[in-house]
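Given these sequences and hints, build the entire structure.
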Amino acid sequence: MTERMGFFTDTSVCIGCKACEVACKEWNDVPDDGFVFRATSYDNTGSLGASTWRHVAFIEELSRVPAGPGQSGDGGSEGIEGWLMSSDVCKHCTHAACLDVCPTGALFRTEFGTVVVQADVCNGCGYCVPACPYGVIDRRERDGRAFKCTMCYDRQLGGLEPACAKACPTDSIQFGPLEELRTRAEERVERLHEEGRPQARLYGASPGDGVGGAGAFFLLLADPEVYGLPPDPVVTTRDLPTMWRWAAGAALSLVGAVAVSFLGRG
Amino acid sequence: MTREREMVPEAEFRSYYGQPVIKPPVWHEPHMPTYLYLGGLSGASSVMGAAARLSGYGRLARTAGVTAALGATAGAVFLVAELGRPERFLNMLRVFKPTSPMSMGSWILAVHSGLTAVAAASEVAGARPVSRPAVARPAFRVTGARPASRPAARPVSRVAGYLPSAVAAVLPLAGGAASLIAGVATGPLMATYTAVLLADTAVPAWHEAHRELPFMFAGSALASAGAAGMLATPRAEAGPARAVAVLGAAVETAAGAVLERRLGLAGEPYHQGKAGRRMRAARVLTAGGGLLATVAGRSRALTALSGLALTAGSLLVRFGVLEAGRASAADPKYTVVPQRRRLAAGEPASLPPPARTWP
Numbered sequence: 020m021t022e023r024m025g026f027f028t029d030t031s032v033c034i035g036c037k038a039c040e041v042a043c044k045e046w047n048d049v050p051d052d053g054f055v056f057r058a059t060s061y062d063n064t065g066s067l068g069a070s071t072w073r074h075v076a077f078i079e080e081l082s083r084v085p086a087g088p089g090q091s092g093d094g095g096s097e098g099i100e101g102w103l104m105s106s107d108v109c110k111h112c113t114h115a116a117c118l119d120v121c122p123t124g125a126l127f128r129t130e131f132g133t134v135v136v137q138a139d140v141c142n143g144c145g146y147c148v149p150a151c152p153y154g155v156i157d158r159r160e161r162d163g164r165a166f167k168c169t170m171c172y173d174r175q176l177g178g179l180e181p182a183c184a185k186a187c188p189t190d191s192i193q194f195g196p197l198e199e200l201r202t203r204a205e206e207r208v209e210r211l212h213e214e215g216r217p218q219a220r221l222y223g224a225s226p227g228d229g230v231g232g233a234g235a236f237f238l239l240l241a242d243p244e245v246y247g248l249p250p251d252p253v254v255t256t257r258d259l260p261t262m263w264r265w266a267a268g269a270a271l272s273l274v275g276a277v278a279v280s281f282l283g284r285g
Numbered sequence: 010m011t012r013e014r015e016m017v018p019e020a021e022f023r024s025y026y027g028q029p030v031i032k033p034p035v036w037h038e039p040h041m042p043t044y045l046y047l048g049g050l051s052g053a054s055s056v057m058g059a060a061a062r063l064s065g066y067g068r069l070a071r072t073a074g075v076t077a078a079l080g081a082t083a084g085a086v087f088l089v090a091e092l093g094r095p096e097r098f099l100n101m102l103r104v105f106k107p108t109s110p111m112s113m114g115s116w117i118l119a120v121h122s123g124l125t126a127v128a129a130a131s132e133v134a135g136a137r138p139v140s141r142p143a144v145a146r147p148a149f150r151v152t153g154a155r156p157a158s159r160p161a162a163r164p165v166s167r168v169a170g171y172l173p174s175a176v177a178a179v180l181p182l183a184g185g186a187a188s189l190i191a192g193v194a195t196g197p198l199m200a201t202y203t204a205v206l207l208a209d210t211a212v213p214a215w216h217e218a219h220r221e222l223p224f225m226f227a228g229s230a231l232a233s234a235g236a237a238g239m240l241a242t243p244r245a246e247a248g249p250a251r252a253v254a255v256l257g258a259a260v261e262t263a264a265g266a267v268l269e270r271r272l273g274l275a276g277e278p279y280h281q282g283k284a285g286r287r288m289r290a291a292r293v294l295t296a297g298g299g300l301l302a303t304v305a306g307r308s309r310a311l312t313a314l315s316g317l318a319l320t321a322g323s324l325l326v327r328f329g330v331l332e333a334g335r336a337s338a339a340d341p342k343y344t345v346v347p348q349r350r351r352l353a354a355g356e357p358a359s360l361p362p363p364a365r366t367w368p
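In order, the protein sequences belong to chains A and B. Note that the first sequence covers residues 20 to 285 in the working numbering. Note that the second sequence covers residues 10 to 368 in the working numbering.
For the record, the hints were derived by calculation from the structure and aren't laboratory data. Wrong hints could be hidden among the right ones.
What the hints assert, rightly or not - Under 8 Å between C-beta atoms, here's a sample of chain B residues computed to sit facing chain A:
1) A53
2) T210
3) S308
Just so you know, these numbers come straight off a predicted model, no measurement behind them. All C-beta atoms, glycine included, are put in the ideal place defined by N, C-alpha and C.
Set out below in structure tokens:
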């Protein structure tokens, strides 16, 4: 157990069955999301959140309209050319902003290189929520604490693969040692390119990106923002030293301003 | 670079059904912005209190010291209200974590409220002189400074008369030391760390403003502390408080102007919608209050008007900043477009490869 484990989500074979969402909820005993009909697509869970640790995005590609919704005008008359489906999950970043900013140590790095919230330590301060550049972690309002995907830490401890990967009928969600997955993913992209799908690209696989590489990365068939993913995320704490320097400058100016206010009055 | 930028026009970007990419901050109103205001008020007041002590402004030192202690205490109450339960604040002190501005802030608040409480206690204990021989002098004093309301041999107050003699003997010394430490260390940090707290998030309007926000908050803190000082101190001694208020209002206004000029797209939420209305109102109140403070010395009514305007402006700017952050998180444009531009310009965000492997 010395290897960093990860997810490779190959969206080119996702069929949008939501078995991952259901398996995740069942295994982790995650509460329901409240049965909200969004009236935008077949996606009624909408986004990742405190009670949605796997989320299947449904993107309706309208014919002749390359842009996303809201710009498509009368979508009904144009027809759907195809669907993009993608099962989103916590990225388990190498440089995880949520983990960095957690003031209680409730978030920790496991022996598998994943990022997990300890529910019994979480203080509910909510700081991890806006810190995440992917908008993954959220606070469950009735509960007051923050929750997100654990990559089934308990199952991994027992030598099992996470519930979502286990339940995926098309192997769109693959679990394994991260290095191995990256090699496999690159081969898959090459094959798709050969098959005439030049739009296939990896997202979050590079260890040199703004979060130091994600522990859960994706093969996408369109730009990341089409799936609701940030195109070029950065771990927010990258600029923390700069921020403290500016704050120190402001603090010194404050003392200076007070000193000036008292000078020449004695 | 110009050509590549043109490929990503401002209005055009793709998103997932217009849904936000990042999660909006979950912090509540009025708890969080009020805490930000009180923290700033307390921090800047403690700086003003220490300066007043050092330069012999007795009454101003007392009101500023008490304001600093009350501000820190009330701030802690609002913070606990935000967290939900008092133990949760204590939980914050289980770890000391430099990568978390929230953790550092909890420690700053804890130490600062302790220091300001001791400083204020010594001020209050020394508040009403009665005829008893002097015990101890303050630990420090600027030579040649105006003695003001404090006579050379400082008598022990009526309050101090009820204290155990050991406490009464130590309190002035401890109060002086606490006031000095709060004035030069925890106070200035208290007034500015909240800017780092907001900036260290993925919220574009906050993260991109990490240079201006500390100055805006420091200015706002000075303005509020100056306002409290001039409202609660007799005119003869309120001069420095008025100067603090004027300087604070100027710094806050200037930082706000620079922020809007420099931020571009990420700065948009600061002047649109609800956040825009709050920021504009805050600017009018702060600038107006600051200008009034320059001439308020002669009139009690003008002083009151200026002090109230500055207080309202300082409070409102925190509500405005919080709302701007929320608006910038809610619209995927502010997350996607700058990142797209960065990629189009061939400057993707990058980090050195991880230093550690996964054992």
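Discussion item. Take the shortest C-beta to C-beta distance between B/T210 and chain A; is it under 8 Å?
Written reply: For B/T210, the interface hint holds, since the closest Cβ of chain A sits about 4 Å away, which is under 8 Å.
Worksheet item: With 8 Å as the cut and Cβ atoms as the points, is B/S308 at the interface with chain A?
Response: violated (20 Å)
Worksheet item: Should the hint that B/A53 touches chain A count as held when the rule is a Cβ pair under 8 Å?
Response: Holds - the Cβ of B/A53 comes within 8 Å of chain A, reaching about 6 Å at its closest.
The structure is inconsistent with hint 3 alone, although it conforms to all the rest.
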